[in-house]
Each structure stands twice: as structure tokens, then as C-alpha cells.
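Participant: So the sequence lines, in the order shown, correspond to chains A and P. Using full-length UniProt numbering, read the first sequence as starting at 1 and increasing by one per residue. Using full-length UniProt numbering, read the second sequence as starting at 1 and increasing by one per residue.
Mixed in with the good hints, there may be bad ones.
Said to hold, decoys possible - As a list, the in silico DSS-like pairs of lysine-lysine whose alpha-carbon atoms are at most 30 angstroms apart: (1) A:Lys308 / P:Lys108; (2) A:Lys167 / P:Lys108; (3) P:Lys125 / A:Lys167; (4) P:Lys117 / A:Lys167.
As the list claims (entries may be wrong) - A partial selection of chain P residues facing chain A, derived with a Cβ cut-off under 10 angstroms: (5) Arg25; (6) Glu64; (7) Pro90; (8) Thr92; (9) Arg114.
Read the hints as simulated data drawn from the structure, not as lab findings. Cβ coordinates follow ideal geometry from the N, Cα and C atoms, glycine included.
Residue strings, one per chain:
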Amino acid sequence: MDTELRSLLQDIEALKGSLPDVSYRDSMAKIEERVVKITSITKAATSRRSKVKEMSAEVVDSNPYSRLMALQRMGIVENYERIRDFSVAIVGIGGVGSVSAEMLTRCGIGRLLLYDYDTVELANMNRLFFRPEQVGMTKTDAAVQTLSEINPDVVLESYSLNITTVKGFEVFMESLRRQNPKNSVRDDARSAGVDLVLSCVDNYEARMVVNQACNELNQTWIESGVSEDAVSGHIQLLIPGETACFACAPPLVVASGVDERTLKREGVCAASLPTTMGVVAGLLVQNALKFLLKFGEVSPYLGYNSLKDYFPTMEMRPNPQCSNSACLERQKEYLLEKPVRDALAKAKNEAEASLENESPLHMENEWNISVVDDSEMETLNAPKASDELPEGLTRELPTADKHQEAAALEGTSISSNDVDLEELQRQLDALNAS
Amino acid sequence: MEEWDPNTKSALTKIPLLATRAGPRDGAAWTQRLKEEYRALIAYTSMNKSNDNDWFRISADNPEGTRWTGSCWYVHNLRRYEFRLQFDIPVTYPTTAPEIELPELDGKTHKMYRGGKICLTVHFKPLWAKNCPRFGIAHALCLGLAPWLAAEVPILVDSGMVKHKDDEVSSVES
Ligand SMILES: [Zn+2]
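Bound-form chain A, shown alone (with noise of 0.2 angstroms):
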């Protein structure tokens, strides 16, 4: 590009001292400016900035951090520069995770690990991120593609894979296991080499697969989704023996608000909007953001209605029945480890009991600016004791019948008796041929 355009100003230049009527000079000069525009547009293009050592406070033009640093400055977060050392693993990389990956590799994150089994279709141009030229290519080399051109500090390792087979899961499992490669000191008590998953997946499937993922590695992972309707979206914290997991109970979804039937249209899966998914990224980087930076609250559960603009909030606890063997195990941990927490807390309250005593007291209040006292906060967003939902929010599956055979169905279970595998493989065949 850059030699044809080169040689093309040498032609005109050519051109110019031969042309005989004078005349045509000016229009010569103006398609001139115009070949050394477009060249250096197409150099703007082509040119990358180089990587960044250490992150800078120093507020100039060139500095990609400037802003972020200046986090660290206001006293939001005390120390913004680790973020370089965190490796978060994106699971989807559709209208939802795609966005997220942008925010994060703009926030300057570490390592991303994308995943994702899709290509990029004409049909995904009405969400954010992808372009159309990058049509046919996997939605992870597609976003690696980009997401490098904008900032060539993160290291990005793209996986284009189903994690719900057998197969992909277990690349999914090690992938996930792998110690970041940059990070020096390795933290061996940690089963995982990411500090933080995020579901950005479009199916209940595939969110269990992720559910499965981190309860076996006792990995903290925040969910995402948006309703089949474009209208409604949550994000949800799962800490695997601490929080509900994903298969504790059914999914919650907000409800819209508004007669189902009038929204679900027969003849359509699924619609998306660019907004909708843009909003529950935010929410969801956040989140996330204010989990690995230790600032302000994490959301336990946050949803967010559009047609109401309405963002319920609750937090669940681990259901000891949960049907997932791993999810036990992580809540028969955390039991055994609370002393130490209580130990922790008991300290901690101490030390932060022992700074408020000295700190001087607040001056008179001359912005008249109510203020609300800690423990109120605490009791506003206590969760319920009882097992009903905040207003807003319902369950999408019914919980599983306790084997009451007669209870949906009734019929006979099969007994296991022991006819071997290959003679019942038989059967069917034999059945299949006639």
C-alpha cells in the first residue's frame, strides 16, 4: 500500500513538468494533497504504539494510563497498577464478552483468555466490537485481532472451542489450571491460574459447564446474561462454598414487567440489542473491576430491567442439597475454614475500631448532606431470611422432582440389571437395520 502510493505521487509528479498547458497545474496539485492524505491515513492505520514497561501517573497525550492511574490518585483504588498482574478468563466472546474483553484490555488487565466455538457473521453487526471485514473469522482471533491493535500490554491467548464437550472441557480445565507465564511469584495454594472467569455465554448449558469448571477448581466467577427478549439482563457473583452456585437453584432472570406473551414472538429464538448488552458489560466489568482492585462493593446479584429501569438486587447462600458433588465439597470447606475467617474479622474490626477513635470528628455538616450510618446499609441490603425473591425477579426452572415417580410421569425405571453394554449396543443396531 504504501510503495503504490509512493510511486503514484512519483507519477504525478512526472506528470506535472511534462503537461505542457499550465492549466491543469491546480487540479494536479489537489489530486496531489489528496495521495499524501490518504497515505497518512493508511500509516495512522498501520501504526502500533509499543509496549509500555510500567504503567505512569504522568498526565501527557501519549500516556494510555493517565486516566486509569489517576484511580490511584483520587483514593478509589490504592493500587491500580496490579491489574497487570491479573488474568481473567472470558467465556463467550458475543455481544456481552466481547465488550467486556474491550473494557478490560483498555483498563489494561494483564492476560485475557478468550473462549468461544463461533465465527463472526454479518448477523452479529448490530452488537459492539466486531467489524464486518473480520466476517468468517473465529470470534477469539477475530477479538485478539483488535483487542492487540488497542493495547499491545495484555497478553491474549484465544481458544476457539465447545466447552460443553467432553473434549473442550478439558482444554477448558487446563487452560484454566495454567499459571500465568509473566507472573514471577506462582501462588501454589490456588488451584487456578486466572483470577477471575466471567460467563458471557447465551445458553443454561454452557453457564452449568462454567459452574462445573470453577466449583472443581474452587475458582470465583461472576455470570452474565441477557433475556431472549433484548429487554433484561443480571450479573451474579458465585463463589464456590461461599455463595449459591450456579446449579444451588434454578436461575433467576428479572421479569420484564410486562405480559410474557406480549413479548415472546413465535418464530424467533432469540433478538439482542446493542444497548442492553453494553449495559450488562459495564455492570459486569465493574463488578469485576471492584473484585480484583478491592474498591466499593461487589454486587452479589444485580438485574437490571430496561423497560422499568429497574436493578433488583440479593444475595443467596450454597443450598447443602445441591445436586453438584463439587459444590459440596467447596461448602464443607468453607465451614471448616470459618474460625480463621471469624479470627480475621474479629481483627480486622478491631484495627478499623481503633483508626475511628483517632481520626478527629467530622466537621459540622455544612452541605447538609444526610448521611447513612453503616449498620443501616447493612440491614437495607441484609438478604432475606425466608426463600421468597425481591420484587422483580423469578425462577426459570422448576427444581428437580425428589423421585416421586408419579409425580410429572408415570412409568417404569429401568433396573440395573447387568446385561453388558456391547449386547444392548447390539439390540439397537439390530433394530436400527430392520
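Given the coordinates of chain A, assemble chain P with the ligand onto it according to the supplied hints.
Facilitator: Here is chain P with the ligand on its own, set in the frame of chain A:
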């Protein structure tokens, strides 16, 4: 079960229920589950044959029994339309049902997710969840694929998206 048509309902109640809660990563328990899957499939297939309602063929594609392939067909206006059928047993099976794929119809109907996975009715997943782990592959075909074919094939044929194979061959030859 009132949301299901009487034929689906009566077929479903006759398929033997399974008992073992095991997925493809569960070793010996999975082998036990596989035996139950075969028994249910054998019972369902023979039942269809004796009712003159044979409509699918399915068999395991690998020794582990985690991938299944076959075919299914539907008769519309006295002509038989046959499609390739495939699915993987997910690692979280039987908590989550297999996602049935008809690859030849990918992109031809809105009632399908990417990759040719059929879009199940809103009633399927709740019933599957409620009956876990007693439903298996045979139940998924009966509750998921059969109603889908009955609803979608006539639309696909009448709109010209799907052509009968005889018509396709003649148009290629002419
Ligand atoms: Zn659980």
C-alpha cells in the same frame, strides 16, 4: 403436562425412565447410565415401529457414547423428508439436556440456534429439569425433536426452503 399434545404425552409416558445420575466424566457410573440410555432407546424405537410411527435412527458414534449421530424424518403431504441428526452429550449431562442438531437445516429457519441446534419450546427445559435424572436421550428426542419436526418441516417445505430430494435431483439433472 397439559402444554403437550396427546401423542407426545402418551409416547413419553411409555419410554422407560432412567435412574443413574451420571455424565460422561463419571467412569463406571457413566457406563451404567449408557446401558439405561440403550434400554430406553430400544424400547422407544420398538414402540414406534409397532405403532407404525418409526421416525429416527440414532447410534453412538464413539465407544465412550459421548457423540451420537443418525437421521430423522417427517412425512408431509405424503412425501418423506429426511435430515441428518447429531448431538454431543454435554459434560454436565444429565443436568442439562443434549442440544440436538440438524446441520443440513442450519440457517434455513429462525427456530434454530447457531450450528443447527434446534430451538426447543419453552416447555422442554422446565420438564427436563423437573425430571432430572430420569429423562435420557430417548425422552429428548420425543419431547424435543419430534414436536420440532412436526411444527417446522411443513413450514420449511411450503416456503420452499426445503426441497424433496427427488425434486432436487431432477433439477440438477435437467
Ligand atoms: Zn451448588
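Participant: Decide, hint by hint, whether the structure agrees.
Facilitator: Now the hints, each set against the structure:
1. A:Lys308 / P:Lys108: Roughly 35 angstroms between the alpha carbons, so the hint for A:Lys308 and P:Lys108 is violated.
2. A:Lys167 / P:Lys108: holds, 29 angstroms
3. P:Lys125 / A:Lys167: holds, 25 angstroms
4. P:Lys117 / A:Lys167: Distance of about 19 angstroms is within 30 angstroms: holds.
5. Arg25: This hint holds: P:Arg25 lies near chain A, its Cβ roughly 7 angstroms from the closest one there, short of 10 angstroms.
6. Glu64: holds, 7 angstroms
7. Pro90: Check passed: Cβ of P:Pro90 comes within 4 angstroms of chain A, closer than 10 angstroms.
8. Thr92: Holds - the Cβ of P:Thr92 comes within 10 angstroms of chain A, reaching about 4 angstroms at its closest.
9. Arg114: holds, 6 angstroms
Hint compliance for this structure: hint 1 is the single one not met.
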